[in-house]
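Note that the protein sequences, when read in sequence, are chains U and Z.
The first sequence begins at 1 in this note's numbering and counts up by one.
The second sequence begins at 1001 in this note's numbering and counts up by one.
Rather than coming from a laboratory, the hints here were simulated on the basis of the structure.
None of the values given here were measured: they were computed from a predicted structure.
Glycine included, each C-beta is placed from N, C-alpha and C at the ideal position.
Hints are not guaranteed to be accurate.
[Claimed, not checked] Computed, partial: chain U to chain Z, Cβ under 8 Å:
1) Arg-128
2) Cys-130
3) Ile-249
Number of protein chains: 2
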Amino acid sequence: MMASAPPIAFAGSMIDRADHIRSAPDKLGELMNWRARLLLLDGLDPVIGDDGGLMWGTLADADPLAELVFLGLNPDGRGCFAAVAPALIGSTAPPNPRLWAAMAQLPPADLATYGGAKALVDWHARHRFCARCGHATVLAKGGWQRGCANEACKAEHFPRVDPVTIMTVECDGMLLLGRQPRFPARRYSALAGFVEPGESVEEAVAREIFEEAGVRVRDVRYVASQPWPFPSSLMIGCHGYADDPAIVIDKTELDDARWFTRAEVEYAMNDLKIGREDGAFLAPPPFAVAHHLLKWWIEQ
Amino acid sequence: MMASAPPIAFAGSMIDRADHIRSAPDKLGELMNWRARLLLLDGLDPVIGDDGGLMWGTLADADPLAELVFLGLNPDGRGCFAAVAPALIGSTAPPNPRLWAAMAQLPPADLATYGGAKALVDWHARHRFCARCGHATVLAKGGWQRGCANEACKAEHFPRVDPVTIMTVECDGMLLLGRQPRFPARRYSALAGFVEPGESVEEAVAREIFEEAGVRVRDVRYVASQPWPFPSSLMIGCHGYADDPAIVIDKTELDDARWFTRAEVEYAMNDLKIGREDGAFLAPPPFAVAHHLLKWWIEQ
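If we strip away everything but chain U, and leave its shape as in the complex, we get (with noise of 0.2 Å):
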């Protein structure tokens, strides 16, 4: 953990996971009481209020026909909770392009419980069914898993973590970025993929550089992790070293990837917190974790 960082974003949460009340009926139902707390959500969004902190109501206002997920306990011993709303349920609706604004003004403990949240809420409403069987599932263990409700079946099923590899690349003192094309103008970060099945995270590393960008990695490290809830993500961001800087761009996955320089990279990062933006490249925002790798690469 990089103790001069800024923190990691999405990580942080005060809320006590509380993992022995899941599995005990009675003490999650004694919990579910008027003193107990409901993170309330416009949508998947967070609703903030005039202190700038994410909003909590009562478990009164959830919709009575809502499923309601345990996040855990707030410092006050209160059971927090969150509600999987009937509109949510199969939803498909695009991300609020005003969320990264919203989540931007909340304090980076509410952040990461917003997260966490989300990424529950949301894997309960596009997991309704259960993929062996396809009969309907029931949520349990206070959100932390599901049921299948067929008797000859009762597969159970898990919220999903899906980890991805986060690298930046170093080649004779330069850096290796690129962009994706859904990324803003001038906007340049580390390049990512998902952990495939059956391959450490070094080996996932290596192949999505040389997928996307032809590049031979070696000497891969991890720098830092971070929860990245669209829709739930592990990001393990990493650092490696090529010998061989020739560039051969996968242009399904990239519009450009390129080496930049230290001086470029320290400029970039130095744009983003004066907002001059004259640089070589637009640095990734400081949400990101490649923030971090590039943060990290420049103190090194």
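Keeping the supplied structure of chain U fixed, place chain Z upon it in accordance with the hints.
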């Protein structure tokens, strides 16, 4: 990566995943010829040849009703496939106890190829229906995706990889290890648990150590990772430090947890090599990333 250590088991396959072919039905079709190789499986277990390696057949050896997944290209450029046999679908057969002995025979690269194929085939066998709408799904992109066949839904589903943290903790030069009820006699290993939505690797490590052993951990660092195909985990091996050695064991998770001296850990690791087994505990086997964590700690 640890150059001095034995290879991480289940990593290091020689199969090129050839991602670009998965999305090109014409190229995939061309590869499905008489030169293509089919990984032979006995249920989900490997079939081992006289040379001690994995046995391969041709596509003609697959059940005519099987789905075929594209593993990638072997070093000769041949397409390598595995079959999702009808008998596997929806199966809940327990793991074969002879599996570990069979896997121990395989060269490391073959073990990695088998592990990745096993995780992928098993995922297809257990994911026949759309979690969003309950409709049947069909194999897509050479087996790296399933698509909902319901025209009104068309959800895309991807093979699952579950990140798991596994960690050693150090306090006053001693190492915290625990034993699960299912372990063989005298075995102690690193504590472990799934990463949940909304937490970083470092947060998951701290939560699991506190939940299972009541120990507060700081300064968590990454050591090594491993694909673990039971059924499809990504083991993320870490090391952390504790200031207070007081242990409170969660008896629902662990039979025991205790601190071992460096000499006890060294003795136990040496025991494994020479088959002596008279130390303070039985160390985790070389297959397990926990073995690498203990080895890494001794070498510090």
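- Report holds or violated for the interface hint on Arg-128(U), using the least CB-CB distance to chain Z and a cut-off of 8 Å. Hint holds; Arg-128(U) Cβ to chain Z Cβ min 7 Å, cut 8 Å.
- Message: Is the interface hint satisfied for Ile-249(U)? The criterion is a beta-carbon contact with chain Z at less than 8 Å.
- Response: violated, 13 Å
- Item | Hinted contact Cys-130(U) with chain Z - closest CB pair below 8 Å | holds, 7 Å
Checked against the numbered hints given earlier, this structure breaks only hint 3.
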